[in-house]
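Student: Heads up: the sequence lines are chains A and B, in that order. Letter 115 of the first sequence, counting from 1, is numbered 115 in our numbering, and no numbers are missing. Going from the second sequence to our numbering is simple: count from 1 and add 139.
Read the hints as simulated data drawn from the structure, not as lab findings. Do not rely on the hints blindly, as some may be mistaken.
Computed list of lysine-lysine pairs in BS3-like fashion (alpha-carbon distance at most 27 angstroms, straight line) [stated by the list, open to error]:
#: 1; chain 1: B; residue 1: K270; chain 2: A; residue 2: K110
#: 2; chain 1: A; residue 1: K111; chain 2: A; residue 2: K17
#: 3; chain 1: B; residue 1: K333; chain 2: A; residue 2: K5
Covered stretches of chain B (chain A as the covering partner; in silico rule of three or more C-beta atoms under 8 angstroms from a C-beta of chain A) [unchecked claim]:
#: 4; region: 234-248
#: 5; region: 254-261
#: 6; region: 410-418
Anything over 10 angstroms on all C-beta distances counts as not near chain A; from chain B, calculated [as the list claims (entries may be wrong)]:
#: 7; residue: A311
#: 8; residue: I319
#: 9; residue: T322
Backbone N, C-alpha and C fix where the C-beta goes; we use that ideal spot for every residue, glycine too.
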Amino acid sequence: MSNLKTQASEEQMAYAKVLNIGMWLGLAVMIVTFLIYISGLLPSFVPIDDLPKYWTMRVHDFNVALHAPTGWGWAPLVGKGDYLNFVGIAMLSGLTILCYAVILPILFKKKDTAYAIIAIAEILVLSLAASGLLKVGGH
Amino acid sequence: MPHRYSKVMIMMLLVAVALVTATASFAAHDAAPAAAAVSATTETGHGDAHAAAAIPSAVPQSTAPWWVWPVALFIVTFILGILAVLGGVGGGVLFVPIVGGFFPFNIDFVRGAGLLVALAGALAAGPGLLKRNLASIRLAMPVALIASAAAIVGAMIGLALSAAVINTLLGATILFIVVIMATARKSDFPVVPKPDALSQSLGIMGIYREESLGKDVEWTVHKTPQALFMFIVIGIMAGMFGLGAGWANVPVLNLMMGAPLKISVATSKFLLSITDTSAAWVYLNQGAVLPMIVIPSLVGIMLGSMIGVKILAKSKPKAIKWMVIGLLLFAGLRSLLKGLGIWK
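With the rest of the complex left out, here is chain A (with noise of 0.2 angstroms):
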């Protein structure tokens, strides 16, 4: 193992500096969005006041009860105080997808196939769970 030196690889520096950004850049997002949302600069699809009678149910009954949407059903109703908090969250939980996606052109330039195709199944696997594809059932 001679030829292997103690800093990191190309690909992992560069995952390193888009997660860097990114987490940062989420986190701002979401305490931004929050203080919005506490402060009722908008107006909330479910009022806050309310919220304690509604926290205590299933998510299934929560949905069915509000009519709240699922899978990105949220995206239109940004404008209101606590779906704007989904903007962040959603910057947070689609970053991995994002840095996946920045180290890919480098694993393909190094003929890095065998980590390329792992790459791109975790691109595959990650787009699959945040496209809201998948139904969970009732109970």
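Since the structure of chain A is provided, determine the placement of chain B on it from the hints.
Tutor: For chain B alone, kept in the frame of chain A given last:
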């Protein structure tokens, strides 16, 4: 800070957790009869308040003002953040049983928040660990693919099961984690007699600077196929219970695969950012994410972790580890008994 002061401080933190959670639990339960009479005629944004009144909730409701809960959540998660760092565990494994057991939120929303808490912690730690070459992307990527796919399955199973079953299984899992934490040994530099064929073909190996020894340490791994199988189980459990899975990742990477302890801990933390992402999306898409629970928890645990890192240098890790084990034991029993209907 002398040891005796750090001990006193940690004891005070534990008492504070107990007090806040007990108060939260008492407030939630004491309010149940009053909550049953609460009229649901309030107009909601798009919701159907009458339907809300007709649907039974799995958890007693509270009549306390809404702001009490995020404030209590912030205080508890801030303390949990400190304890998590001192006890060497992820925030999620403490968050889900404690908040699920003592706060009025349904376990679905607690698990969604738990995943995002663990995810945020992993994302925050990731860049530094990757740049210092302690987290290995070559070790993490194959494992993450298996674990993240399994976490989706786990999340879907978890959201489909009844709250009682989830609480029972969660309690049993937490008690299992207690046993692992109390008994598992760790190896700083495990011996890997011969790397397996899969790890060799994938080039899973590395070298890092071990500052404590002042030298570079080369590492390889073995038993990769067996470890990949273990990560199916770990992924399912992470998704099902909303737990970060560092408690399971580290023993598999370190004891089974033979990665050095530092590489195992760092890669495990990075791995959580991928595994929890897939499960978090399932919870998010099902609507099991409430910002009012997520954001105070996330900020609380991150601030607590920062303070925890500062205390860590001046505290006795062994004593704290046993305190965290005690806290987990209590939370696990609470969850188990709640699921079995013995301690509601």
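Student: Evaluate each hint against the coordinates.
Tutor: Verification of the supplied hints:
1. B/K270 <-> A/K110: Since the Cα atoms of B/K270 and A/K110 sit roughly 19 angstroms apart, the hinted pair holds (cutoff 27 angstroms).
2. A/K111 <-> A/K17: Satisfied, since the Cα-Cα distance of roughly 22 angstroms is no more than 27 angstroms.
3. B/K333 <-> A/K5: OK: B/K333 and A/K5 at ~21 angstroms, within 27 angstroms.
4. 234-248: holds (count 5)
5. 254-261: Coverage by chain A holds here, the residue count being 3 at a Cβ distance below 8 angstroms.
6. 410-418: holds (count 5)
7. A311: With a cut-off of 10 angstroms, B/A311 remains clear of chain A, as the shortest Cβ separation is near 19 angstroms.
8. I319: holds, 27 angstroms
9. T322: The claim stands: B/T322 keeps its Cβ more than 10 angstroms from every Cβ of chain A (closest is about 33 angstroms).
Hint compliance for this structure: every hint is met.
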